[in-house]
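Number of protein chains: 2
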Amino acid sequence: MSQFMDVHHGMKGITADQLREAHRADLALEKEEGVHFEKAWADPRSGTVYCLSEAPSAEAVQRVHERAGHRADEIHPVPFTV
Amino acid sequence: MSQFMDVHHGMKGITADQLREAHRADLALEKEEGVHFEKAWADPRSGTVYCLSEAPSAEAVQRVHERAGHRADEIHPVPFTV
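Taken in sequence, the protein lines are chains Z and G. If you count the first sequence from 1, position 55 lands on 56 in the working numbering, and the numbers rise without skipping. If you count the second sequence from 1, position 36 lands on 37 in the working numbering, and the numbers rise without skipping.
One chain only, chain Z, in its complex shape (with noise of 0.2 Å):
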């Protein structure tokens, strides 16, 4: 298992409970996946959207993410964390 740091691009005016909504889509589909989402970081004004897992791929974080309905951007395994 990993750790990965996911973005996500043109989410402009995201609001608290469309992150909320979009985070719990994600828990419930992550087991599936051998993923866990945990945590995410909204900027509404730039339209951007952090997301921190455990995973045992890149790969499994997006299909989860796709299941999910919002594809990621970017995904950068983050190996290094202080």
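Mixed in with the good hints there might be a few duds.
No distinction is drawn between identical chains; accordingly, a pair holds when it is met within one copy or between any pair of copies.
Restricting the straight-line Cα-Cα distance to at most 25 Å, the calculated cross-link-like pairs of lysine to any residue (SDA-like) are [as the list claims (entries may be wrong)]:
| # | residue 1 | residue 2 |
| --- | --- | --- |
| 1 | Lys-32 | Gln-4 |
| 2 | Lys-40 | Met-2 |
| 3 | Lys-13 | Pro-57 |
| 4 | Lys-13 | Met-2 |
| 5 | Lys-13 | Ser-58 |
| 6 | Lys-32 | Ala-59 |
| 7 | Lys-13 | Pro-80 |
| 8 | Lys-40 | Met-12 |
| 9 | Lys-13 | Ser-3 |
| 10 | Lys-32 | Arg-68 |
| 11 | Lys-40 | Arg-68 |
| 12 | Lys-40 | His-24 |
| 13 | Lys-13 | Phe-81 |
| 14 | Lys-32 | Gln-19 |
| 15 | Lys-40 | Pro-80 |
| 16 | Lys-13 | Glu-75 |
| 17 | Lys-32 | Arg-21 |
Quick caveat, the hints were computed from the structure, so don't treat them as lab data.
With chain Z's structure known, arrange chain G on it following the hints.
Only chain G this time, still in chain Z's reference frame:
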């Protein structure tokens, strides 16, 4: 105080030690600007570093990073978190 996610590009090949050292440099300066750097994640392959902070403004975040010698390329306020 608000939460910010800032992004550094061009950090290809960054090591765990370098990330730790950069974070330590931020922590040594942050109080003077009323900032607290909570966490950072690095992807050495794409050369991307994400820093999560609590700060009075994006400018204060940048001042700490600049004084520590590593200006951020993007600074996003992230008012929504799950």
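Evaluated hints:
1. With identical chains, the CA atoms of Lys-32 and Gln-4 are at most 25 Å apart within one copy only, with a shortest distance of 16 Å there and 29 Å across copies.
2. Both within a single protomer and between protomers do Lys-40 and Met-2 lie at most 25 Å apart by alpha-carbon distance, with minima of 16 Å and 20 Å respectively.
3. Taking the shortest alpha-carbon separations for Lys-13 and Pro-57, only the inter-copy value of 23 Å comes in at or below 25 Å, while the best intra-copy value is 30 Å.
4. In this assembly of identical chains, Lys-13 and Met-2 lie within 25 Å of each other by CA distance solely across copies; the values are 22 Å between and 32 Å within a copy.
5. In this homomeric assembly, Lys-13 and Ser-58 come within 25 Å of each other (Cα to Cα) only across copies, at 20 Å, whereas the closest approach inside a single copy is 28 Å.
6. Taking the shortest Cα distances, Lys-32 and Ala-59 sit within 25 Å of each other inside one copy (15 Å), while across copies they are farther apart (36 Å).
7. Taking the shortest Cα distances, Lys-13 and Pro-80 sit within 25 Å of each other only across copies (13 Å), while inside one copy they are farther apart (29 Å).
8. In this homomeric assembly, Lys-40 and Met-12 come within 25 Å of each other (Cα to Cα) both inside a single copy, at 17 Å, and across copies, at 24 Å.
9. In this homomeric assembly, Lys-13 and Ser-3 come within 25 Å of each other (Cα to Cα) only across copies, at 19 Å, whereas the closest approach inside a single copy is 29 Å.
10. With identical chains, the CA atoms of Lys-32 and Arg-68 are at most 25 Å apart within one copy only, with a shortest distance of 13 Å there and 43 Å across copies.
11. Proximity of Lys-40 and Arg-68 under a CA criterion of 25 Å is satisfied intra-copy only: 18 Å inside one chain copy versus 29 Å between copies.
12. Taking identical chains as interchangeable, the C-alpha atoms of Lys-40 and His-24 lie at most 25 Å apart whether they share a chain (8 Å) or sit on different chains (21 Å).
13. Taking the closest pair of Cα atoms, Lys-13 and Phe-81 come within 25 Å of each other only across two copies (13 Å); inside a single copy the shortest separation is 29 Å, beyond that limit.
14. Only within a single protomer do Lys-32 and Gln-19 lie at most 25 Å apart by alpha-carbon distance; the minimum there is 21 Å, versus 34 Å between protomers.
15. For a Cα distance limit of 25 Å, the shortest separation of Lys-40 from Pro-80 qualifies both inside one copy, at 16 Å, and across copies, at 13 Å.
16. Taking the shortest Cα distances, Lys-13 and Glu-75 sit within 25 Å of each other both inside one copy (17 Å) and across copies (16 Å).
17. Within a single copy, Lys-32 and Arg-21 get their C-alpha atoms as close as 18 Å, which meets the 25 Å cut-off; across copies the closest is 32 Å, which misses it.
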